[in-house]
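Chemist: Use these hints to put chain B onto chain A, whose structure you have.
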Amino acid sequence: MNYLITDNTSGAVRLRDIPETDYASFYDDLRTRLSDSRWHVGHYFALPEEEARLRFYLLLLDDATGQVLIGSFAREYYDDTALPSLTALHAQMHPFEREIAERWGIRFDGMPWPKPLRFPFDRYDRNSTMDNYPFYAMEGGSLHEVNVGPIHAGIIEPGAFRFICNGEQVLHLEIALGYQHRGVEHLFAATRNRLRQLCLAEAAAGDSAVAHATACVETIEKLAGTARPAQLAPERLVALELERMAMQIADTGALSMDVGYQLGQVACEALRTMTINTTQAWCGNRFGKNLIRPLGTDHPLTAEKAAMIRRNVAEIARRYDEVRHDIKSSPTLLARFEQCGIVPREEMLRIGGVGQAARASGAARDIRASHPWGLFAGTLAHESIVKTQGDVMARLMVRCREVLQSAGCIDRLLEGFVPAETRRPDYGAPLAPRSLAFGLVEGWRGETLHVALTDDRGDIAAYRIKDPSLHNWMALALAVRGEGISDFPICNKSFNLSYCGHDL
Amino acid sequence: MALVNILLLTLAALAIPGVVNRTRAALAGRRGIRFLQHLYDVRLLLRKGAVYSPTTSALFRAVPSVYLGTALVAALFIPVGGLSPLLSFEGDMVAFAYLLALGRFALILGAMDTGSSFEGMGASREALYGALVEPALMTAVATLALVSGYTSFADLFTAAPQARFTVVLLLTAYVLVKIVFTESGRVPVDDPRTHLELTMIHEVMCLDYCGVDLGMIQIAGWLKTAALSMLAADTVAAAFGWPWWAAAPLAVAVTGLSVGIVESTQARNKLARNTTFILTIGALAALVFFSGYLLQLNLFVQ
Chain A
57 MNYLITDNTS GAVRLRDIPE TDYASFYDDL RTRLSDSRWH VGHYFALPEE
107 EARLRFYLLL LDDATGQVLI GSFAREYYDD TALPSLTALH AQMHPFEREI
157 AERWGIRFDG MPWPKPLRFP FDRYDRNSTM DNYPFYAMEG GSLHEVNVGP
207 IHAGIIEPGA FRFICNGEQV LHLEIALGYQ HRGVEHLFAA TRNRLRQLCL
257 AEAAAGDSAV AHATACVETI EKLAGTARPA QLAPERLVAL ELERMAMQIA
307 DTGALSMDVG YQLGQVACEA LRTMTINTTQ AWCGNRFGKN LIRPLGTDHP
357 LTAEKAAMIR RNVAEIARRY DEVRHDIKSS PTLLARFEQC GIVPREEMLR
407 IGGVGQAARA SGAARDIRAS HPWGLFAGTL AHESIVKTQG DVMARLMVRC
457 REVLQSAGCI DRLLEGFVPA ETRRPDYGAP LAPRSLAFGL VEGWRGETLH
507 VALTDDRGDI AAYRIKDPSL HNWMALALAV RGEGISDFPI CNKSFNLSYC
557 GHDL
Chain B
35 MALVNILLLT LAALAIPGVV NRTRAALAGR RGIRFLQHLY DVRLLLRKGA
85 VYSPTTSALF RAVPSVYLGT ALVAALFIPV GGLSPLLSFE GDMVAFAYLL
135 ALGRFALILG AMDTGSSFEG MGASREALYG ALVEPALMTA VATLALVSGY
185 TSFADLFTAA PQARFTVVLL LTAYVLVKIV FTESGRVPVD DPRTHLELTM
235 IHEVMCLDYC GVDLGMIQIA GWLKTAALSM LAADTVAAAF GWPWWAAAPL
285 AVAVTGLSVG IVESTQARNK LARNTTFILT IGALAALVFF SGYLLQLNLF
335 VQ
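Protein chains in written order, with my numbering: chain A, 57 to 560; chain B, 35 to 336.
Here chain A stands alone, though its shape is the one from the complex (with noise of 0.2 Å):
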């Protein structure tokens, strides 16, 4: 099967240049090439077109080369012929197949898990709701169902998860997202307004702002194809390291509080305002929102805000230091974390886990180190932290690792930093029409995708988000197979997925 072959770093691709072939080539092609853990699926998707056709995308990520494959292939918009589905070949397929099957009443043969995935407004089947949602159900005399949610106690997001048990040990989890569905992938195209998508991406998921709002400006700045001031690329480079920081310190917290370990609870909790009172003494808004412009930026980092950050970040990287070995050294935390909610390497790559998760599994996902983009690409080079064990102390240690490693980051970055001009975010640059355009950046949960589709105009025609979530809210279910329930939120903490991000 043809490809359209480009990598991280290149400009957008016309449409009319990705090849298309039939559906016959394009499952035997994937299901030879998916059998290999080196390719995964960055984005597969369907998207009407005019004659009455829908066309489908897919993005596959090479992580061996740092090619990204595109292909597609076509049919027509009312052929109700079912296709074979590649999901009961190879799992990490099953959410891009139920959004379509979902979306476009797409149906595929042998598809194992044929479940809605986000409920959106304009779903094919408006009699699929939450309401009936097809539950996995087991028969025994002995088991219980114990359903948690829909609404998260601690962060009040919407998402259900079922549990069938056998006293305290849990058989089978099922986790029903959807709740929330904003149609925010929609609204990108129901405006032309930059700012505002801008603003979308931004608020994709909140945790992750930085990482959505770079995937976004990377792929309109390929789709504008000029080139942005040299500084930019630092700048953003050390907010998403900021947030990284913040993020994976707040988790420790979290998983301490989880486990009623006070101490790391209060410390990590002061370390993580610390971090992000940092970006806000930078842009004014505590998770970087504002900051990240296409082609410019409101809020040039300047000596004195780079030397504040470098002795913020010095300062955060030593205190957590201690907090992390306090945590290896606990025997109590080791009896929690160690063995818990494992999930082996082999499991992890079939179902397509990525980001810190993966790692944990000893499974090498990460894009700035496969997919360099910005400065990854250029002078600096990334080693990914990578453990064997898939437990929740791997977890935790992959990220205790990466808040040192991103501290280290920022510090080179900022090392000497000379102020250079810059110019003020440009929100009216003419995006190439006909184009494809992707960003593919590695935020703290891991790898985020955004792919924006332009029409004759050269306005955003279609625009599709991915977030990491979407591939590990799977891995989450088969950690806490076979562990007590009352693990479960201690597993769920170390995973640590979006709701939002998932639902968009």
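The set of hints was computed from the structure by calculation and includes no laboratory data.
As the structure is a computational prediction, the values presented were derived from the model and not from experiment.
Yeah, the Cβ is synthetic: ideal placement off N, Cα and C, and Gly gets one too.
Please note that a few of the clues may not be correct.
[Said to hold, decoys possible] Taking CB as the label site, the calculated pair distances span:
#: 1; chain 1: A; residue 1: G223; chain 2: B; residue 2: T314; range: 20 to 28 Å
#: 2; chain 1: B; residue 1: T310; chain 2: A; residue 2: T65; range: 52 to 60 Å
#: 3; chain 1: B; residue 1: H229; chain 2: A; residue 2: R87; range: 40 to 48 Å
#: 4; chain 1: B; residue 1: V246; chain 2: A; residue 2: N222; range: 33 to 41 Å
#: 5; chain 1: A; residue 1: E132; chain 2: B; residue 2: T90; range: 55 to 63 Å
#: 6; chain 1: B; residue 1: R227; chain 2: A; residue 2: R94; range: 53 to 61 Å
#: 7; chain 1: B; residue 1: V246; chain 2: A; residue 2: Q236; range: 34 to 42 Å
#: 8; chain 1: A; residue 1: R480; chain 2: B; residue 2: C244; range: 52 to 60 Å
#: 9; chain 1: A; residue 1: A433; chain 2: B; residue 2: T314; range: 51 to 59 Å
#: 10; chain 1: B; residue 1: R227; chain 2: A; residue 2: A433; range: 57 to 65 Å
#: 11; chain 1: B; residue 1: C244; chain 2: A; residue 2: G166; range: 46 to 54 Å
#: 12; chain 1: B; residue 1: C244; chain 2: A; residue 2: P190; range: 30 to 38 Å
[Claimed, not checked] Which stretches of chain B does chain A cover? Using the computed rule of at least three CB atoms under 8 Å from a CB of chain A, they are:
#: 13; region: 62–68
#: 14; region: 145–157
#: 15; region: 216–227
#: 16; region: 295–302
Modeler: Positioned in the frame of chain A, the structure of chain B alone reads:
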């Protein structure tokens, strides 16, 4: 004398949660809530009405009264130092243990009555741990009876025990403190601060209670903790031959500080390990009992 006894026990019951909170705040480097905040909270609860789920029956409403009643009566058996408690008869230590068990039984029934899967799980955990901690409590109390030769709490601490029992008494006090941790649902067995229903034991059984009912359950919890702590403090005071007034401050200090320190510096047990933890208390209690028995027989192992 009985009135002073009740007064001291009440004061201990009110002070222990305050000391726990203060210790935890100090160790976390925080200012903490005011010492008597828990009293204000409960006063607020007692002023409120109650809302009941339509799936519950009259049983559910009766539970808080039964729980508070049993804790109250059980506490009346406990002497502070050498003072005489209000209620006392031969073998009242058995009555004490089973009053606590009755309260637990009522709470479990109330939890099951709600039909909630969370509360069912909590009830099952409470039943398991209750069954495991009961032999430990009985054995520890039996050791006290063995050492003093009486089967009523009122008489246990009146006469100074022989010097050879000092270690046995101190170990019994240690066992009793561990029972306090278990019975009052503190770390490492349970975590009263957690918001995670799936990990709760005691708290989850009270999820459907509010207002007056919740206030009563909390007061009963304080009384239970105070009664058991006082028993441990009495034992220590008796072991060292301290005067009667040492017992009440000791009870507050021992429970308040130890709970506060453990909750700040330690993580909770994995739930499956709680069983081992409680069985260890029972095993230790049995070991202490048999050591006491050997000493009592004046046998020396050659």
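Chemist: Starting from the hint list further up, note which numbers the structure goes against and sort them upward.
Modeler: 6 and 10
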